[in-house]
Amino acid sequence: MKLRFHWAFLLVAALVPVVGLFVPAARSLGELLRPIFIMAILALGLNILTGFTGILNLGVAAFMALGAYAYAILTCDIYPFQFGFWPAVMLTVLVGLLAGLMLGLPTIRLRGDYLAIVTLGFGEIVQDSLKNMDVITKGTQGINPLPGPTFAGYMFRSETYAPWYYLFLGFLALVVLLNRNLQRSRVGRAWIAIREDELAASCMGVNPMKMKLLAFSLGAAQCSLAGALWASFLGSSGEPGNYDFQVSIIALCIVIVGGMGNIAGVLLGALVVVGCNSLVLETFTNFLKAHELISSTNVYTAPGNWKYMLFGLALILMMRFKPEGLLPSRQVKAELHPHEPPPS
Amino acid sequence: MTGWEVFLQQLIIGLSNGMIIALIALGYTMVYGIIELINFAHGDLFMLGCFAALTVVSLTGDLPVWLVLLLLLVLTPVFCGGLNWLVDRLAYRHLRDATKLAPLVSAIGVSFVFLNLGLFWGGLPLKVFGFGKAAAAPKDFPTLVSNANLLGNSNVEFTTKDLLVLVITVPLMVGLTLFVKQTRAGKAMRAVAQDRLAAQLMGIDANRVIGQTFLLGGGLAGVASVVAALYNNTIYFQMGYRAGMDAFTAAVLGGIGSLPGAVLGGLCIGLARALSDQYIATRWTNVMVFAILILVLVFRPSGLLGAKHREKV
Amino acid sequence: MLALENIHAGYGPIDVLKGITLRVNEGEIVTVLGANGAGKSTTLMTIAGVNPCRQGMITFAGEPIANLPVHEIVRLGISQVPEGRRIFPRLTIRENLELGAFQRNDDIAGDLERALDLFPILRERTGQLGGTLSGGEQQMLAIARALMARPKLLLLDEPSLGLAPLMVVKIFEIIRAINQQGTTILLVEQNANMALHIAQRGYVLETGRIVLEDSAANLINNEQVRKSYLGG
Amino acid sequence: MSLLQVDKLTMRFGGLVAVDAVTLEIPPGEIVSLIGPNGAGKTTVFNAITGIYEPSAGGVRFAGHETRSEFCGSVAVLLLLTGFLTAGALILLCNIESLWEVVITGNYQYRQVFQWKPANIAFTTYFSENSGTRLILPAVLGLFLGLAGAWAVWQRSRRAPEVAAHAGIARTFQNIRLFNQMTVLDNVLLGMDTRLQTRFWHAALRLPLFWRERREATSKAIEILRFVDLDREVNQLAENLSYGHQRRLEIARALAMQPKLILLDEPAAGLNPAESQALMELIRQIRERGITVLLIEHDMQVVMGISDRIAVLDYGEKIAEGTPAEVRANPAVIEAYLGKSDAST
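Residue numbers (our numbering), protein chains in the order written: chain D, 1 to 344; chain V, 345 to 657; chain H, 658 to 889; chain Y, 890 to 1234.
These are computed hints drawn from the structure, not numbers from a lab.
Worth double-checking, as some hints may not be accurate.
[What the hints assert, rightly or not] Derived CB-CB ranges, DEER-like:
# : chain 1 : residue 1 : chain 2 : residue 2 : range
1 : V       : A529      : D       : V12       : 40 to 46 angstroms
2 : Y       : W1040     : V       : A481      : 56 to 62 angstroms
3 : Y       : N1009     : D       : G139      : 25 to 31 angstroms
[Stated by the list, open to error] Listed below are several chain V residues computed to face chain D (Cβ distance under 10 angstroms; list not exhaustive):
#  : residue
4  : L417
5  : L419
6  : A442
7  : K444
8  : I452
9  : F456
10 : L463
11 : G467
12 : P515
13 : M517
14 : V642
Everything numeric in this text was worked out from a predicted model, so none of it was measured.
In this text, a Cβ means the ideal position worked out from N, Cα and C, and glycines have one as well.
Can you make the complete structure from the sequences, with help from the hints?
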């Protein structure tokens, strides 16, 4: 049997820290990979909606924020809950599930483009609310410090590297497994059928509202899981501004660049997009700094300022020239090229 | 100030802001009406218009005020309209037959590119462009129109600025209505919006008409940005996002695709914002607008003046 | 006047038309008959340039027109009355008619008068919205609208669709009158009897191919035609 | 008793009356055809039966029940629940910060675990002091909004295609609506899914039920595909099938739902004579499986060959009904359907 890309990806990723023991360069690669794993979980959550079900969600950052704050409130010792890592993560996933359900219930019947704007607005509202409710969320300071995760008595510290790496990789593998199981079952079949032709699907007995709602809440749950992991890694909930529209767009970029509706594609997309974002831009910045080409007054020479342009152009060009992504599922591919002659 | 005066004051502020929102909403609704695309980049186009207006003012600062105003009202809409047309030509036109998602995602991309352009524009090294501040910081827009109260010593303020908003926007909306109702190009626009295939069979070049719609919608956004910049006297590169959300909510509230609906929706949103600022809390106003959007979509998805949408089987 | 040579066209991966060859001579009424899904409408849409023509040649008055933009083809003098009428429901009848003459600037008022003479029912209602008309009136409006372009060739796609029998008779009388005023007509119909009575020649289409081609008189008496339309 | 009763069904779209007081009775086990000129309203009748359109007047009863979800106790409970939840959420939203202070921060000393008792007292005193604007107003508003919103949503969704599908009505479409990017097998499996017991957690965790049902469903799907003679195309994408095969796959997908009634919308459209013959045979076999068939068709040979009864629609009205022989002899049908032959005079 052919080894699927996503399993190959996870296997290779699992070997990186081992290699790092011998080759120091691999360690920096591993450090780069950790945020990629988290973004991949986020993007996989979006993929359930956008890739499988065909619903555009522009507010995944909001669910990530909810996850991060829920996790922070549940674990931080300025509040009485003080759960450990594992129960807190589970509760956070539940919070995400409920949040997705709450947003989904009134809005899920909307046409696709309306729904996209509603989710966008939701992202904005969550940010605003987190900022405004400073009694609970500590406003722009964020909730901190958060205790590190523990695993079988072992305490994670911020200096260590491999345990975090495997923690995130483990969660990613779990999410990939869950998504794959769902994709190859009646649930995934119904999602894809809704994407293809909602009316025909409902005439076949699929309840589109129920299935979309399921996709919505599962996606939201995964996004808040990503948020919780992110918060635990930072040791802080971060400030509300960290979860702005840009994060949602990065997730969307990952899904679109990688290949909509394809788990392996999303993993590849996360590698390319986040890798590009952090590796290329940072290397470039360091290069410029080293040669004293950056002045604080000149905005153009700060590569970080080109981010929006990069993501924007990526979306436009992908849609124009390769809408199915780098690693398309064969399903989406044909769908996006409606007028091309069939492969003979 | 008595309670009634406060209320009246908020009405005036709400109406003025509502007119600006309505201008932007018109651009959304026109484009949606004709190709069913939520032109996501429209809010950021408005923002770029504000920067263009600032540039025009900086370059023509020595001229008399009326001339500057005239130049602003000509150059900015031309810039915005042209840019909008160009984007349609380069990005959206190729996606006419694709799934609905493709042009929407493209529009999001365009909005990001615009956002970045706004950031850079604010950071242009010339003194006149950036007013010497860091690129991302809000820029002051010079006060060309005075803040004098036209109602004399009354507690309620109706300023020259409010008058300016009315004087510019009301004729523009009347003109737009006449254009769409009476002219050949306007009729072609309505025809393409109602049935693109039938319009093509009448010999109408649908792509050209769609391009004209983008041009017109962009032009309206340009006027809106001039008015908004003159009214609020401050611009920043993230302002398009908020304005876009408000305008989109207005367009949906009025019934997307309907021109009078967009104006009505704009006024409603403007009023709602002003009243929420006064009677609830400024920091919760954005949440209120979102709540309105959700309520409208749950109870009346076709908006106040919109037509019902029926799927063909 | 119009000639199709081995046309292939379709949607997605499926070829709906698998090599259509037909001709329409100046001044004729030619009808294309066939069951649903045989490709009649696709043929008209391919002539009008809406559907891309994947293979083959379309010539109009000697010039190749395959894959020209739709509005160019209209300018050359081919108007279509599409299936299901497709009038503009939220425009007035006058506006609908004026849009028919979109390609021209000369003497629109005169043409408007002539069109209203041909369809007196429409005259009283020029200010009404198109969507308020009944099915038959909408069909008349659609034909009048197409005539406003002063076409040399009129393509009619199922003008009898969904109309009461009396109205069908009326529409066909008008079609004949239009033809007698000098407009060539290509008529796609399911109402075989009516179509063959006013046409000079006819083609029978089956699953994307022409299976019969003859004079209308011969086709009326053709056993195969009778069978597929009258059920034996 | 008849399986499907269409009672004075009327559909209006704007000013147009697409279907005008049509009454139909379909007894179980028959093949009934609905014929009429193009645009006579046949597909609209289908859409009303399958719940895609809400009838303007009249009704559709299937096996003795309305094909829409009835207002019953559980719906009322659901509406009330939504109302109360919205009310609760709104109260919480309006008071969240002060409540948090009262209940959480007010009762918490650093590094001590949460104490429920004082918290409870603070909670009640908070609300007894702020009962007016902060409790009653949002509660009433929330209850109203929640109830009204849920009611509006329920009203809009009560006549949905999936309700008819669950009742046992399957259909095909005039212009084929397959899931083009799914395989032939997946298309059929989707039709079967409504009858499965597997829930999403079975699938997510791959519980034994998932494996068992997958095995059973797949073998049944292949059996159905064999029945329509498509078992060699199992792993093709639906889109890559030929036109005739797509028509068959659509029928297979509908059969997979194990319906009592199957609605076929012009299944012979675009088929050549040999394929039409095979289709007739297939429809007969479907009937032999105990499934009632309602058919829209233009191909008269098919209609006359297999129908037990024929109903004729013209201009939205039913103008005739009877056996094929009766219908063929009916002058009104000849005039409406075949066109007046002396139109030229």
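Consistency of the hints with the structure:
1. In this structure the supplied range 40 to 46 angstroms is violated for V:A529 paired with D:V12, their Cβ-Cβ distance being about 59 angstroms.
2. Between Y:W1040 and V:A481 the CB atoms are about 50 angstroms apart, so this pair departs from the stated range of 56 to 62 angstroms.
3. Taking 25 to 31 angstroms as the suggested C-beta distance range, the pair Y:N1009 and D:G139 conforms, at roughly 29 angstroms.
4. Against a cut-off of 10 angstroms between C-beta atoms, the interface hint on V:L417 is violated, since the closest Cβ of chain D lies about 29 angstroms away.
5. With a least beta-carbon distance of about 24 angstroms to chain D, the hint placing V:L419 at the interface is violated under the 10 angstroms criterion.
6. At about 6 angstroms, the closest approach between the beta carbon of V:A442 and any beta carbon in chain D falls short of 10 angstroms, and the interface hint on this residue holds.
7. For V:K444, the shortest C-beta to C-beta distance to chain D is roughly 6 angstroms, which falls under 10 angstroms, so the interface hint holds.
8. Look at V:I452: its Cβ gets to within about 6 angstroms of chain D, closer than 10 angstroms, so that hint holds up.
9. For V:F456, the interface hint holds, the least distance from its beta-carbon to any beta-carbon of chain D being 3 angstroms, beneath 10 angstroms.
10. This hint holds: V:L463 has a C-beta 6 angstroms from the nearest C-beta of chain D, less than the 10 angstroms allowed.
11. With 10 angstroms as the threshold, the beta carbon of V:G467 comes within range of chain D, its nearest partner Cβ sitting at about 4 angstroms, so the hint holds.
12. Among the interface hints, the one on V:P515 is violated; its C-beta lies about 30 angstroms from the nearest C-beta in chain D, farther than the 10 angstroms criterion.
13. The closest approach between the C-beta of V:M517 and any C-beta of chain D is roughly 24 angstroms, which is over the 10 angstroms cut-off, so the hint fails.
14. Satisfaction of the interface hint for V:V642 is found here, the shortest Cβ-Cβ separation to chain D being roughly 5 angstroms, below the 10 angstroms cut-off.
Violated hints, in rising order: 1, 2, 4, 5, 12, 13; the structure is consistent with all others.
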